[in-house]
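Residue numbers (my numbering), protein chains in the order written: chain P, 1 to 204; chain L, 1 to 204.
No lab work stands behind these hints, which were simulated from the structure alone.
Careful: at least some of the hints might be erroneous.
Facing chain L, from chain P, some residues (calculated, C-beta under 10 Å) [to be verified]:
no., residue
1, F61
2, D89
3, Q90
4, G103
Treat the numbers as computed from the prediction; the structure is a model and nothing was measured.
Note that the Cβ used here is the ideal one computed from N, Cα and C, for glycine as well.
Protein chains: 2
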Amino acid sequence: MTKYKLTYFDLKGRGEPIRYILSYMGKKFEDVRIQRDKWPPIKKTFPFGRIPTLEIDGKVFHQTAAICRYLAIEAGLAGKSPLENFEIDQVVGAIDDMVGEIGRVRRTEDPVLQQQLKETLINEIVPRYLERFEKIVENNGGYLANGRLSWADLYITAIGESLLGYSGKPNLYEGHPHLKALFEEVQSLPGIKEWIKKRPISQF
Amino acid sequence: MTKYKLTYFDLKGRGEPIRYILSYMGKKFEDVRIQRDKWPPIKKTFPFGRIPTLEIDGKVFHQTAAICRYLAIEAGLAGKSPLENFEIDQVVGAIDDMVGEIGRVRRTEDPVLQQQLKETLINEIVPRYLERFEKIVENNGGYLANGRLSWADLYITAIGESLLGYSGKPNLYEGHPHLKALFEEVQSLPGIKEWIKKRPISQF
Numbered sequence: 001m002t003k004y005k006l007t008y009f010d011l012k013g014r015g016e017p018i019r020y021i022l023s024y025m026g027k028k029f030e031d032v033r034i035q036r037d038k039w040p041p042i043k044k045t046f047p048f049g050r051i052p053t054l055e056i057d058g059k060v061f062h063q064t065a066a067i068c069r070y071l072a073i074e075a076g077l078a079g080k081s082p083l084e085n086f087e088i089d090q091v092v093g094a095i096d097d098m099v100g101e102i103g104r105v106r107r108t109e110d111p112v113l114q115q116q117l118k119e120t121l122i123n124e125i126v127p128r129y130l131e132r133f134e135k136i137v138e139n140n141g142g143y144l145a146n147g148r149l150s151w152a153d154l155y156i157t158a159i160g161e162s163l164l165g166y167s168g169k170p171n172l173y174e175g176h177p178h179l180k181a182l183f184e185e186v187q188s189l190p191g192i193k194e195w196i197k198k199r200p201i202s203q204f
Numbered sequence: 001m002t003k004y005k006l007t008y009f010d011l012k013g014r015g016e017p018i019r020y021i022l023s024y025m026g027k028k029f030e031d032v033r034i035q036r037d038k039w040p041p042i043k044k045t046f047p048f049g050r051i052p053t054l055e056i057d058g059k060v061f062h063q064t065a066a067i068c069r070y071l072a073i074e075a076g077l078a079g080k081s082p083l084e085n086f087e088i089d090q091v092v093g094a095i096d097d098m099v100g101e102i103g104r105v106r107r108t109e110d111p112v113l114q115q116q117l118k119e120t121l122i123n124e125i126v127p128r129y130l131e132r133f134e135k136i137v138e139n140n141g142g143y144l145a146n147g148r149l150s151w152a153d154l155y156i157t158a159i160g161e162s163l164l165g166y167s168g169k170p171n172l173y174e175g176h177p178h179l180k181a182l183f184e185e186v187q188s189l190p191g192i193k194e195w196i197k198k199r200p201i202s203q204f
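Same shape as in the complex, but just chain P:
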């Protein structure tokens, strides 16, 4: 049996899309969570000094989207043609751009500037993304790509959970009914439903 070991912070963040896909696949995985103060001394030992990483039978892989894209093939969540994969990759790229905006704020050192940037993020930047994702889902039969469930849908739902916690706005997805319905569908999928029940609690 293939052994999976995910290493990330004690957060949802960029780790959660991988945890979602592994759970959907019914795979057991070691869920290593590094506390912030333990990170600096070991940072250098990870590829490009970043996590999440996923070890598959001892081999270390990195980059959340690359990991998900690979797992999605076995999970049956990839496209059925290069063009379908292209559709998925485009929207995942846009999700990653949004995640990059969040990372940019979280890495701002000056706390006053960080708070200013966070307000612009939550009140202006994120809503612009959400509006676009909402339209895509509305026009694609309830999914982000190709009119059916793909790893892009798991990806946005996992990131969406994290973003909700980070934003401090419980009504962040109000006004985006198609997106909200997609999130609820993904969170009810076999494997993911159980994962959400049993996972450690984290704010985002």
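Given chain P, work out where chain L should sit, using these hints.
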């Protein structure tokens, strides 16, 4: 014959990896370059308000890496297995992280802060990435993945050109002989060599 229309700024930047791949494939493409002052009024008409976009027979696609990954299949620059594609995607993800760092600096509005961030970028952050890419190329037979040419190599070479111009440091790649050799090999490839000769001049 398939019609390609690339829309980007009058820069190399995130557009150049796509121009490289199309040139390598021997495809003719319309190379639309939007001047900065013409961008704000039309920004909203592009997917997620961003460029580059590539129109393929009139259908608009976005996201540089997604576009390159798709074109790479026809170009013969993709992996031969899911695992090979995974290797390529990982390193492209890391290149995109580096590009994100550049974008973060370029989008900083305060010119004094921007200059400070640029110095940290060029003197600390970029060298850390380059050191890692250098090691990967050294350990992979001169390429970024799978021991042979892939779209990741075109991607990093195109981005590397842009970064060189932006940095203002002509010796940026000194001390990274494997990476430099890879750049030179890619820039000598049929199609790309001709493209570099005929393309409009831009600093980065």
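Open item on the list: Tell me the numbers of any earlier hints that the structure contravenes, in ascending order.
Closed with: Those not satisfied: there are none.
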